[in-house]
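Trainee: Here's the letter readout for the chains.
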Amino acid sequence: MNLIIIFLSAAIINNYVLVQFLGICPFVGVSKKVGPALSMGMATTFVMTLSASVAWLINHYILSSKTGLGLEFLQIVAFILVIASLVQLVEMFIKKMSKPLYDALGIFLPLITTNCAIMGVALNLVTKEYGFIESVVFGTSAGIGFTIAIVLMAGIREELELADVPKYFKGAPITMIIAGCLALAFMGFAGMI
Amino acid sequence: MAKTKTSLLAEFTKGLWQENPVLSMLLGLCPTLAVTSSAINGLSMGLAVIFTLVMSSALISLTRNLIPKEVRIPVFIIIIATFVTITDRSMAAYVPDLHKALGAFIPLIVVNCIILGRQEAFASKNNVGRSIIDALGMGIGFTMTLTVLGSIREILGSGMLFGAQVMPDAFAPWLVMILPPGAFITLGLLIGTANWINAKKG
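So the protein sequences, as listed, match chains A and B.
By the count of the numbering used here, the first sequence reaches residue 193 at its end, each step adding exactly one.
By the count of the numbering used here, the second sequence reaches residue 395 at its end, each step adding exactly one.
Careful, some of the hints might be misleading.
Unchecked claim - Heads up, simulated EDC-like pairs for lysine to aspartate or glutamate below, C-alpha to C-alpha not over 20 Å straight-line:
1. A:K170 / B:E212
2. B:K293 / A:D103
3. A:K33 / A:E129
4. B:K318 / B:D362
5. A:K128 / B:D290
6. A:K32 / A:D164
7. A:K32 / A:E129
8. A:K66 / A:E158
9. B:K293 / A:E129
10. A:K33 / A:E159
11. B:K293 / B:D362
12. A:K32 / A:E134
Claimed, not checked - Not close to chain B: a few residues of chain A, all C-beta gaps over 12 Å, as computed:
13. I5
14. S9
15. L18
16. E72
17. I133
18. M192
Hints in this document: simulated from the structure, not taken from any laboratory.
Everything numeric in this text was worked out from a predicted model, so none of it was measured.
We put the CB at the ideal spot given by N, CA and C, even for glycine.
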């Protein structure tokens, strides 16, 4: 039951993009077409799940002052290094193991290092004091939430190609305003839990 | 001599408007949207970014000839993460309320594209003086945008500015402005307006 609540909360009610403003750069940058947006969402979910579990292990056994060595001040440095090297590892692994998957996710993987949603998940699971399983579920759900938001946005932007947008509002400004409307819609979920 | 002086000034002012990190380059959007529910939060986030940006620009520009090209990105990230940790710990110690209000977005300065972007595009290629000027210009441009965005949202969303009442009592605050949708819509309108002003200037 607890896990279901974590899932609903991270994926929909506190959606990482539309409610917590994490991962806005890829959300604006890679949301022109539904296909690439979906690949980006999947790649992000994958890395987020992995980095959530690794971040939990590092925090629990090394950084935490209760269960580890009490090196909490190294948190930022440690997490960013873990995420950057993890992305690199995942890229090499996928390239070797599965060519189709690499072709689908390949170019998006390096972009993920600078996605603040990944770092956000790592920092959040420490402040929320989740256990290992909860952290993994939390990472996956946050990734699914990101995918929902970016695919919805890409769907709307494909239709927008045909719309008559004022000249100075083409591109980023109209994307922001649409994101605002989506965020309004997501506020409707706020009372669910 | 005169030439270096004007270009130094140009180095400083380009961050304020033509290459404003938020309005024209669309960098650092996450903190821009997340912390601007009030003017004071926007301003303090901006100051934290200025500190981190100037310090890491200075250090990276000093060591630019020592860092091998192949490993420069990880080195930059570690240097930036160090200064972010200093900012984070100092804010937690001296201004705990503000630190709490800005939440995870202080540690998240480390993945703010503005900072890594300036190191890669400027500090790793220029001397210390110019890098600091460039970092200051970019940081101030970022801070100004955040403060303006925060002020608009605070005035419309709660009728106050920097915590002081500015709207008449009859004004009913638009609650949506301090909630997430207000952030997206206000930023969209600001970027659109900036495009319009640039087009008018020719």
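Trainee: Take the hints in turn and mark each one as holding or not.
Mentor: Here's how the hints hold up against the structure:
{"no.": "1", "hint": "A:K170 / B:E212", "in the structure": "19 Å, holds"}
{"no.": "2", "hint": "B:K293 / A:D103", "in the structure": "42 Å, violated"}
{"no.": "3", "hint": "A:K33 / A:E129", "in the structure": "37 Å, violated"}
{"no.": "4", "hint": "B:K318 / B:D362", "in the structure": "54 Å, violated"}
{"no.": "5", "hint": "A:K128 / B:D290", "in the structure": "19 Å, holds"}
{"no.": "6", "hint": "A:K32 / A:D164", "in the structure": "17 Å, holds"}
{"no.": "7", "hint": "A:K32 / A:E129", "in the structure": "37 Å, violated"}
{"no.": "8", "hint": "A:K66 / A:E158", "in the structure": "50 Å, violated"}
{"no.": "9", "hint": "B:K293 / A:E129", "in the structure": "17 Å, holds"}
{"no.": "10", "hint": "A:K33 / A:E159", "in the structure": "10 Å, holds"}
{"no.": "11", "hint": "B:K293 / B:D362", "in the structure": "30 Å, violated"}
{"no.": "12", "hint": "A:K32 / A:E134", "in the structure": "33 Å, violated"}
{"no.": "13", "hint": "I5", "in the structure": "21 Å, holds"}
{"no.": "14", "hint": "S9", "in the structure": "15 Å, holds"}
{"no.": "15", "hint": "L18", "in the structure": "6 Å, violated"}
{"no.": "16", "hint": "E72", "in the structure": "10 Å, violated"}
{"no.": "17", "hint": "I133", "in the structure": "22 Å, holds"}
{"no.": "18", "hint": "M192", "in the structure": "16 Å, holds"}
The structure fails to meet hints 2, 3, 4, 7, 8, 11, 12, 15 and 16 from the earlier list, while all remaining hints are met.
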